[in-house]
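Heads up: the sequence shown is residues 12 to 113, going by this note's numbering.
Any given hint might turn out to be false.
Below 25 Å or equal to it, Euclidean Cα-Cα: the simulated PhoX-like pairs (lysine-lysine) are [unchecked claim]:
| hint | residue 1 | residue 2 |
| --- | --- | --- |
| 1 | K89 | K36 |
| 2 | K110 | K97 |
| 3 | K92 | K16 |
| 4 | K36 | K90 |
| 5 | K97 | K36 |
| 6 | K110 | K96 |
| 7 | K96 | K36 |
Hints listed in this document are in silico derivations from the structure and should not be mistaken for laboratory results. Since the model is a prediction, treat every value here as computed from it, not as a measurement.
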Amino acid sequence: MAMPKDQIQGEIVESWRTYLDALEKSLVLLEEDIRQAGEMAGTCTDEWCEATEHYIDDISNALFTISEPRWASQEDSKKIKNLRKKVRELYADYRDVYKQVH
């Protein structure tokens with residue numbers, strides 16, 4: 012009995028891209044939250060700062076531990092590179108907000 016290779020590969024590719032999209036959406040949400048906190052310094056309570064730093068760490072760990080599959084397209088590779096850059100920039104933005112209130 013033959014394995015439905017193309018179907019399996021297609022499912023894996025789709026799932027992997029969905030995962031990358033979810034990471035990207037998470038970064039967008041955090042970016043907006045950090046931007047708002049920068050505008051309202053009182054928002055950055057110790058609890059908020061700690062939670063935000065943990066979220067950034069979790070997303071960063073997920074992005075930097077991704078092993079690019081051999082079938083990843085140039086577009087996929089570029090997206091990962093851009094997301095990694097964005098998470099570094101986001102952390103720098105977070106640190107700026109943190110310094111404003113601490």
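query: Is the Cα-Cα distance between K36 and K90 25 Å or less?
result: Within the cut-off at roughly 13 Å; holds.
message: Given the hinted pair K92 and K16, is their Cα-Cα distance within 25 Å?
response: 29 Å, violated
- request: For the pair we were handed, K96 and K36, check the Cα-Cα distance against 25 Å.
  value: 15 Å, holds
query: Holds or violated: are the alpha carbons of K110 and K96 at most 25 Å from each other?
result: 21 Å, holds
message: Between the alpha carbons of K97 and K36, is the straight-line distance 25 Å or under?
response: Distance ~12 Å between K97 and K36 Cα, so the pair holds.
- prompt: Has the given pair, K110 with K97, been kept, meaning a C-alpha gap of at most 25 Å?
  reply: Holds. K110 to K97 sits at ~20 Å (cutoff 25 Å).
- prompt: Is the hinted pair K89 and K36 satisfied, with a Cα-Cα distance of at most 25 Å?
  reply: It holds: about 16 Å lies between the C-alpha atoms, which stays within 25 Å.
The structure shown violates just one earlier hint, number 3.
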